[in-house]
Amino acid sequence: MKAFFAEMNLARGIILVSLIGCLALGILGWQKQSQLDELKEQYSSRIEPLLKDLMQTAQRHTTLAKSLKDDSLGAQADLETYIRKVAAKDKVEIGNVNMTFTPEQRSKTVVDKVYRIKSDTRDRSFQRLRIANFLYTLEYDSRRVKVTDLKLEVAEKRPKAHEVPADEWFFEAEVTSRQRADG
Amino acid sequence: MARSCGLRIGPRRYELVVLDGSPKKHKIASYAMGELPHGSDDATAAAAALLKAAMKEHSVPTDNVGVAVDAGMAAFRMLKVPFSDRAKIGDVIKFEVESQLPQWNIDDVVVDFHVLEASDEQSELLATAVPKVELKRVLDLVAKAGVEPLEAELETSAMVNAALASDLCTIDNAQILVHVGELSTSVVVIDGRKVREMRAIRIGSMANDPAPVEADAAPAGDDKLASVLEPKDPDEAVRRLEQAIKRIRRELGRTVSAARTLHPIDAVYVCGFELPGLVGSRIQDAEVRALDVFQKDGGQPADGFGPLVVAYGVALRQLGGGELKPSLRREELRYAGAFEKVELPLAVVALLAVTFLGVWFIFLTKETQFVDSNLAFWRNSAQKFLLGDLKKGQQGYLLYPSDPMQKYLSNLDADTERTKFEQLQYANGQLKNEIKKLEKDLGQDAEITQPQSALVASTLVLGTLEEEIKAGGRPSLRKIQSTYSIGKQGKADFVRVVLDVTFFGGDTVVATQNYEDFIKATEAQPWCIGQVDRRPSTSNEDGKGIFVPGLAIEVDVSKANLEKL
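Protein chains in written order, with the numbering used here: chain R, 12 to 194; chain G, 10 to 574.
Don't take every hint at face value.
As the list claims (entries may be wrong) - Under the rule of at most 30 Å between Cα atoms (straight-line distance), these lysine-lysine pairs were calculated in the DSSO-like manner:
| no. | chain 1 | residue 1 | chain 2 | residue 2 |
| --- | --- | --- | --- | --- |
| 1 | G | K488 | R | K119 |
| 2 | R | K124 | G | K488 |
| 3 | R | K96 | G | K449 |
| 4 | G | K203 | R | K162 |
| 5 | R | K124 | G | K568 |
| 6 | G | K568 | R | K80 |
| 7 | R | K124 | G | K441 |
| 8 | G | K416 | G | K441 |
| 9 | G | K400 | R | K77 |
| 10 | G | K203 | G | K141 |
| 11 | R | K119 | G | K449 |
Claimed, not checked - If you only want the chain G side, here are some residues facing chain R, beta carbon under 8 Å, derived:
| no. | residue |
| --- | --- |
| 12 | I98 |
| 13 | W369 |
| 14 | Y409 |
| 15 | N549 |
As the list claims (entries may be wrong) - If you want the footprint, here are the derived chain R segments under chain G, 3+ residues with CB under 8 Å:
| no. | stretch |
| --- | --- |
| 16 | 43 to 51 |
| 17 | 166 to 176 |
Keep in mind that the hints were calculated from the coordinates and are not lab data. All C-beta atoms, glycine included, are put in the ideal place defined by N, C-alpha and C.
Starting from the given sequences, assemble the full structure and let the hints guide the process.
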């Protein structure tokens, strides 16, 4: 090697420069070839499935984001406020309700936030449609709320079995929102 | 251990010495000498074959061989130049010596030089000129034998190197070194270990041999000099040899008398061909001795070592020793090793290779750009699909992206670390992460399942009851209780719906039939778990219906088709 440099001439210079150039171009070419192979594979077989998946993902994202936006509970500070708001809604108009909160730990990470709902006046009865609207709206306006216990009883005292009672009902319901323990 | 070979190729004979060791301490590993075929048409080929066989037999290190040529073919000239830089001297030496070599065209000779004295202002040089054609003949001969000599020199310099390496020459005496060759005799004056003069006398031991020795007349490797001098007429041979010796002695006498040395001449040392009566005699008061330059027990022959001195000097120089560094391999006769021979074609091949790789790289770059632009089309389409096209007033399908996602998708080109495909892959991944978060916020987390709805269960049961009304039945509900229960012992979650209900009819039979129809219809539903817990009924007071208290139905809401609701 020493002799190679000691007697440097044009041919040796060309060999040296060419070898360095070959090495550099070889490495760069190999990298470029790998890049090209990858791009070709992406273009020929992977881009279409990805785009289909991306379109579905985007639509799912939009649906969920819209649901969250429309979720009344999401906008409320807590479940109790949500229930009271629903009770005061048009076509519901249950009025003031009494609520008893009972958290129930389902597991280390999951807790059920349970509210027992009763009319604030013991003798106050409601039409079945109003009660149904109330309970339906509670579930419809938030996917995180479920009516887990429901008791409907005719308001008329001891109607005879052959009598058709009036459409006035007492109700009692239990609403549960299952959440993460930290939430 | 280093190994070298010194060759002397004379007009009629060759000598070969292989040295093992270092310049200071070495030993002759093997040696050979013999006659070279000459005079016939294929003499060169035969001589090459002879040399090749000799070198193979003596395991010559073919990568470290030097050669000494007959000094008789050279011309020696003294000259002065007004500088001492060797590179400069090398540049001008031919020009300087040209006028002193009228017998040759300066382009036809190789000129080497030895600096005899040097000061800052001037240098005294001993220039040696050798015709290229003669030198090339020797080099070609050795090359044909399969060896490319690294260097070539004259017998004189090889002899000086051999003598200076021994303890013959000291700084306080002078010597005259003589090498008797076939057709010439080389003479060097040494004074205080410095070369003072070199010359070649064109008389050798075979100078007057009228009849060339036949190639097969003497066996190869034979060191019997007598055979060389053995003409067909012995008396004539003796007479001619005596004449040669006389002439050599006369020339040596002139040299001794003309020598201007600072120190007294110690002796005349003779090597090469042995001339009868020369060693042991005196020339101009100087004793003639055999030039024995070999180390003690150095592997040289006990007798007849004289012819090996020059080859030994060459081998010593190849081993890294020797004070003189003459170089006759110059210009077109410069040593060209295996690599040198192929370096030009190799340079062309290397140039072609780099050109080919360059073109290949350009094509790859162009093709990569093309595929990348195709991917860009897909990516930009996806971008428009997601975000829409504001210029055209088109809304995208991703209506509520997070701020980072909006920012990323709006400026995909800013992400230079990913390919266009990877950008979409990344965006898809990020969107999926956001979806998971949204699902959690919406209570659709796969890890958290919301309880079953008692309202839905009641609706399912009452829906079945309503079907009975459509079918002509007339139920009247008194009470309904619907309670969600968590499944235990591997059982799924369910809702228990308990009804107090009156079934009206024309009579109790019809009412009971309605009740049974309701039970059957309920049990036929996919959400109904098992069978309905039938309760005993009581007839109404008017006998037109039955009252069923505590009718319990277990409902699995997850199995219901909620789309119908």
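Each hint tested on the structure:
Restraint check for G/K488 and R/K119: not satisfied, since their Cα atoms lie roughly 37 Å apart, outside the 30 Å limit. About 27 Å separates the Cα atoms of R/K124 and G/K488, which keeps this hinted pair within 30 Å; it holds. Simply put, R/K96 and G/K449 have alpha-carbon atoms about 23 Å apart, close enough for the 30 Å limit, and the pair holds. Taking the CA atoms of G/K203 and R/K162, the gap is near 131 Å; set against the 30 Å cutoff, the hint is violated.
The suggested pairing of R/K124 with G/K568 holds, with an alpha-carbon distance near 25 Å, which does not exceed 30 Å. Restraint check: the Cα-Cα separation between G/K568 and R/K80 comes to about 29 Å, which is no more than 30 Å; the hinted pair holds. Under the criterion of a C-alpha separation no larger than 30 Å, the hint pairing R/K124 with G/K441 is consistent with the structure, at around 28 Å. For the suggested pair G/K416 and G/K441, the alpha carbons sit about 17 Å apart, so the restraint of at most 30 Å is met.
Between G/K400 and R/K77 the alpha-carbon distance is near 25 Å, which keeps this suggested pair within the 30 Å criterion. About 28 Å separates the Cα atoms of G/K203 and G/K141, which keeps this hinted pair within 30 Å; it holds. For the hint linking R/K119 to G/K449, the alpha-carbon distance of about 17 Å falls within 30 Å, and the restraint holds. About 20 Å separates the beta-carbon of G/I98 from the nearest beta-carbon of chain R, more than 8 Å, and the hint is not met.
Proximity of G/W369 to chain R holds as hinted, the smallest CB-CB distance being about 6 Å (cut-off 8 Å). Taking 8 Å as the C-beta contact cut-off toward chain R, the hint placing G/Y409 at the interface holds, the least distance being around 3 Å. Annotation: G/N549 was flagged as interfacial toward chain R, and the flag holds, the nearest CB pair being 4 Å apart, inside 8 Å. Interface restraint, the stretch 43 to 51 of chain R with chain G: holds (7 residues with C-beta to C-beta distance below 8 Å; minimum three).
As drawn, the stretch 166 to 176 of chain R meets chain G at 6 residues by the rule of a beta-carbon pair under 8 Å; at three or more, the given contact holds.
Taken one by one, the earlier hints fail for this structure at numbers 1, 4 and 12, listed in ascending order.
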